[in-house]
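Number of protein chains: 4
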Amino acid sequence: MTTKIPVGILGATGTVGQRFIQLLDEHPWFEITWLAASDRSAGKLYAEAAKWNLATPVPPKIAAMKVSAAAPDKSTPRLVFAALDAAAAQQIEPAFAEAGHAVVSNSSAFRMAEDVPLIIPEVNGDHAPLIKTQSWYKKNGGFMVTNPNCSAIGLVLALAPLHRRFGIDKIFVATMQAISGAGYPGVPSMDILGNVIPYIAKEEDKMEAETRKLLGSLNSSSVIPADLVLSAHCNRVAVEDGHTESVSLKLRSPAQADEIIAAWNEFRCLPQKLKLPTAPEQPIIYETAPDRPQPRLDRDRGKGMSAVVGRLRPCNIFDWKFTVLSHNTIRGAAGAAVLNGELLKAQGYLG
Amino acid sequence: MTTKIPVGILGATGTVGQRFIQLLDEHPWFEITWLAASDRSAGKLYAEAAKWNLATPVPPKIAAMKVSAAAPDKSTPRLVFAALDAAAAQQIEPAFAEAGHAVVSNSSAFRMAEDVPLIIPEVNGDHAPLIKTQSWYKKNGGFMVTNPNCSAIGLVLALAPLHRRFGIDKIFVATMQAISGAGYPGVPSMDILGNVIPYIAKEEDKMEAETRKLLGSLNSSSVIPADLVLSAHCNRVAVEDGHTESVSLKLRSPAQADEIIAAWNEFRCLPQKLKLPTAPEQPIIYETAPDRPQPRLDRDRGKGMSAVVGRLRPCNIFDWKFTVLSHNTIRGAAGAAVLNGELLKAQGYLG
Amino acid sequence: MTTKIPVGILGATGTVGQRFIQLLDEHPWFEITWLAASDRSAGKLYAEAAKWNLATPVPPKIAAMKVSAAAPDKSTPRLVFAALDAAAAQQIEPAFAEAGHAVVSNSSAFRMAEDVPLIIPEVNGDHAPLIKTQSWYKKNGGFMVTNPNCSAIGLVLALAPLHRRFGIDKIFVATMQAISGAGYPGVPSMDILGNVIPYIAKEEDKMEAETRKLLGSLNSSSVIPADLVLSAHCNRVAVEDGHTESVSLKLRSPAQADEIIAAWNEFRCLPQKLKLPTAPEQPIIYETAPDRPQPRLDRDRGKGMSAVVGRLRPCNIFDWKFTVLSHNTIRGAAGAAVLNGELLKAQGYLG
Amino acid sequence: MTTKIPVGILGATGTVGQRFIQLLDEHPWFEITWLAASDRSAGKLYAEAAKWNLATPVPPKIAAMKVSAAAPDKSTPRLVFAALDAAAAQQIEPAFAEAGHAVVSNSSAFRMAEDVPLIIPEVNGDHAPLIKTQSWYKKNGGFMVTNPNCSAIGLVLALAPLHRRFGIDKIFVATMQAISGAGYPGVPSMDILGNVIPYIAKEEDKMEAETRKLLGSLNSSSVIPADLVLSAHCNRVAVEDGHTESVSLKLRSPAQADEIIAAWNEFRCLPQKLKLPTAPEQPIIYETAPDRPQPRLDRDRGKGMSAVVGRLRPCNIFDWKFTVLSHNTIRGAAGAAVLNGELLKAQGYLG
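Residue numbers (our numbering), protein chains in the order written: chain A, -14 to 336; chain B, -14 to 336; chain C, -14 to 336; chain D, -14 to 336.
Worth flagging that the hints you see were computed from the coordinates, not collected in a lab.
Be aware that one or more of the hints could be misleading.
[To be verified] Over 10 Å on every C-beta distance to chain B, these chain C residues come out as not near it, computed from the model:
1) -9
2) 40
3) 42
4) 51
5) 111
6) 169
7) 179
8) 243
9) 266
10) 275
11) 282
12) 286
13) 299
[Said to hold, decoys possible] Below are the PhoX-like pairs computed for lysine-lysine, each with C-alpha atoms no more than 25 Å apart in a straight line:
14) C/46 with A/36
15) C/288 with B/46
16) A/155 with B/155
17) C/46 with C/-11
18) B/36 with A/187
19) A/235 with B/59
20) D/36 with D/46
21) A/187 with C/51
22) A/288 with D/36
23) D/155 with C/235
24) D/235 with C/235
25) A/36 with D/288
26) C/155 with D/235
27) A/330 with A/288
28) C/-11 with C/51
29) B/59 with B/29
30) D/288 with D/117
31) A/235 with B/235
32) A/59 with A/124
33) C/288 with B/36
34) D/235 with D/36
35) C/36 with C/51
Note that beta-carbon positions come from the ideal geometry of N, C-alpha and C, so glycine has one too.
Take these sequences, add in the hints, and give me the full structure.
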């Protein structure tokens, strides 16, 4: 008899939904008992409904599960991980919170809502209490927690320890983002093979706004955004997984290269202290080789949960420049949400 | 009987050498009469010496030519286009200038030398008189002219009209550069397939220094670099041809979007006035679609000689941001040098 | 005043439709006067309706044309090139033939219909009289002509001269087909980047049946398929354009390597004799380098209309093996249909 | 105190050498105590000598080991895994056997030597006694064992159970091989990005000869090659890891599809019975989805040691056709050799 916490997955057939299944397979705390997807999939077995796209096979138990419709029902567990696109999430997620569920969402729909925590556990796990300001929570304990955009998450991990120690004033970032970030079928191969697409709809705005909220501080009832400015250039490149980002940074207090590298390598935080199962031992890894990080070589560090930084060097205009890489569907999506779920469990929000 | 000007190609078997051959095939002014390459190739027929890598076949006349050693000989024509790597150029190119040849070089070896013009004809064709300060020129009419790095050239084309009209203060640029920029065999496929390499040796320094020289002004005997600061992040991506660059810009005088776009689209200059054969009708093309320019779709505009710009939008930190693309082995290398050769001819330096 | 023959394009916004527009721009005989596409596009300007995907820009005249609905109307010219998918073609193409139009189709819908000629002009231009058996033709001069599947066309070009000289008994072929063969959006990048898909729906059956019809002989009222057996393995690879095929061949009469190569290189036929504008000078080019043909280097030979063959060597099981390559959206689709249109014009079927 | 068997790696810095290190890290039986590479690397620390190219980091213990010269010395352990290219192996491997070492080689140099076993443990583990005919073995117990070419190994795994049950007469195979098969730097990116190279030097001959030896039977002192004919077409495609092969097969006795699939899925053999640590539970996996196997999705099955088969369907010319895939640097190289080493240990050859 299992004593694991039952969890559901909303949007279970998509790219991020599949990563949830992969990451939760044999999870020490959680066990998937409920899968939901669009009407097209509802009622089918998961193996029939999903075009599985990962290099590890579908866990047999999941393959044989029936896909539910994307609405709370009697068998929906308290904790639901959501991997819906923004438009669907806008409609569907509140219904789950309304019905008393803990919704841990990867969608952008409610990230910037005033009463919804936007959390990277290593960065701002202390924003979780914002949950208590949600009307659902007050009514029946239902709530919603989100994780940032896949392009923001690696960047903010790299910024967080510097922001704490030295303060950050200005950030330029140009991204080279993997195709898996666009879901499936996502980017047509004719658009990206041997090509670059210098545009991802709404991505730059998300990076700019989410970074300020993530690095902000929690007030009694809202998050005061960090006082910094970010300018983002978002590009799509022919990479399967792993977002690479070129960053220039202006600090508030001066810092030497070795201080910055130490700030990264030594960075440990709540998830590491709480020994959350999905937390990487070292959230930020500095690679010294001049041509790193690279998506193919570094995206799986810390089981895909570590951000890898390299090429720290002086910037002609600001103070420092560097490259950061993180796995966009693990640390940048499903793994981010699982870690949020673990944090909520550890902090007693699922009790 | 041909009345064309005979030209030679140094480094004829490499990636840029092949582009020289392709671009000079049926050129209205120039005719290749001499090919030289490394000792390994010298003495062979070109068809045997070169691993031809372009989508158009080797011109049969060239295929049957004998490859000379990389030293001036009696059959070397006055005008020599050079496509050597920097180390080889450092040794070999001066010997040609010394022997009275006009060396139009694509190499980085002498670009920053005080008496060597670094020229994009549309940008600073007026720097050509620097030739006259060269000791070779004074002695026997030999001289050397260079074109910039493939990553600088598209950027500087896009900057030039803005620099003239509004003044440029600061520039951030993150590049996504094609593999052909590294020559052949160049980048191993295991390093770049499905990957990004966030490093190109010396590239960032070149972009920063060359941009200032190109946008500088000619004094009696030297170039005063432009008073601007550039910070570059150079990356290699899995694209065959075409460098894409994300740019943020701080101007000296304010400018509206439509003024900037007009400055680009209306930009015509010396090569257009002189009707140089390789000059594109429109050196800078602004594309209005939100997801352009893209290497696969835009690198061949103006027969590979136009820079294509898009996504002009406000920058949170500086004034404006945009994307620029140019064909790295045509506008960024062989085509750049051919256009320099044409400029020199039109200006009487080859007489 | 133009004296060109007006032509229409059905399915003008898709991948093959765009190639039609590219190939017919400045065509010496034909001029596009009518464009049609799905209801979603009808009524819009072409520039708005089509997501243009080729490296040459949309011709400005075409960009400004209004897209018609996919049904014959008063302005539909006599000659219509059709680039519809099979399901749409099944419904729509007969309506045009019924209305008296000459439909030159790239679709698979009617290729194997008994009274519809399936033509590669170099191979079986003499099958065109089958047109006269069509009920539409008898009624009002309307008719339909088709070209083969993109994977069959390069293969059959390579087979035709051998079939004529030596007879062909059995053929093994394994294809490595480009993504553009699947149209747009077509193959998701997540399915093909760094990957092979060993399956293309219905493709193997098409290759087998069409090859026998193309190499067959015209009876009074039907085509007797060639008496040969073909076994095909169809694969999709990460190539933009150009289908590469590994072929093993059993001949009916023995042949030496030099005889086979001569049969290929010397192959000229009706389109070359008639000097059809789109006909390549040399329909089959044998490349002697051991690692050719390659899609990137050879697909554009003969402006994309030549098949390139290489690696002829003995087969342990059959007689010979070799590799053949052809451009799948030019020789294998739009160019094939344009050449068919030219053949029909030259043979008086459009009069 | 470790009781593991010490092993050495010859050619430790290359692509296959790195896989050896990855696979032997935390191996239950073997422990790497000696690394050797070319003179260029000898004397350096491994971390400095190797350009590590795998997605898992170099094991720290290995990184700190000193690289020896490629000659037997006092610290060379009895068992040496060799990952040299053929020319180097030809010179170097015999010196190790001569010095009494058990050389388990991935090289092609001695695969077809009459007294050298060429082994896939699941297929012909019973060929190992050929070792005893080697002069080295008789003299001092030194010997050499090889594994097949990376393109032969997946094919032969798929053929073996069919050959046992039904007999195989003829095989056509066209391969689509990954770039890692060519080592590092190996295939230049300019040759393969968006391209196919229809040629791999000597590969077709290797596949043909090795398949017959692997499926042959051991006589008192030599292997009688299997009486079958194979015709191979070898192609390189833009895939990082995993060779995909299209196969047509003529059997000696008729077989139904379900019998063939059962023969594959049920195939277990010596390595499974002996529970060799690197042996996959299921050496051949039949995938029923019509578009499988695919390199990206299936190469890691059985930790990269299973061959994955799919698309079994009738062949117009022979009996059956199908697709087979296997990981070329694991099952096709380092993993193959490690499994051979384990077999030798289990059979007492290392005693």
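Outcome of the hint check:
no. : hint             : verdict
1   : -9               : 29 Å, holds
2   : 40               : 5 Å, violated
3   : 42               : 7 Å, violated
4   : 51               : 20 Å, holds
5   : 111              : 32 Å, holds
6   : 169              : 13 Å, holds
7   : 179              : 5 Å, violated
8   : 243              : 21 Å, holds
9   : 266              : 13 Å, holds
10  : 275              : 12 Å, holds
11  : 282              : 6 Å, violated
12  : 286              : 7 Å, violated
13  : 299              : 26 Å, holds
14  : C/46 with A/36   : 43 Å, violated
15  : C/288 with B/46  : 20 Å, holds
16  : A/155 with B/155 : 14 Å, holds
17  : C/46 with C/-11  : 15 Å, holds
18  : B/36 with A/187  : 45 Å, violated
19  : A/235 with B/59  : 58 Å, violated
20  : D/36 with D/46   : 16 Å, holds
21  : A/187 with C/51  : 31 Å, violated
22  : A/288 with D/36  : 22 Å, holds
23  : D/155 with C/235 : 14 Å, holds
24  : D/235 with C/235 : 16 Å, holds
25  : A/36 with D/288  : 22 Å, holds
26  : C/155 with D/235 : 14 Å, holds
27  : A/330 with A/288 : 21 Å, holds
28  : C/-11 with C/51  : 20 Å, holds
29  : B/59 with B/29   : 18 Å, holds
30  : D/288 with D/117 : 32 Å, violated
31  : A/235 with B/235 : 16 Å, holds
32  : A/59 with A/124  : 19 Å, holds
33  : C/288 with B/36  : 22 Å, holds
34  : D/235 with D/36  : 45 Å, violated
35  : C/36 with C/51   : 15 Å, holds
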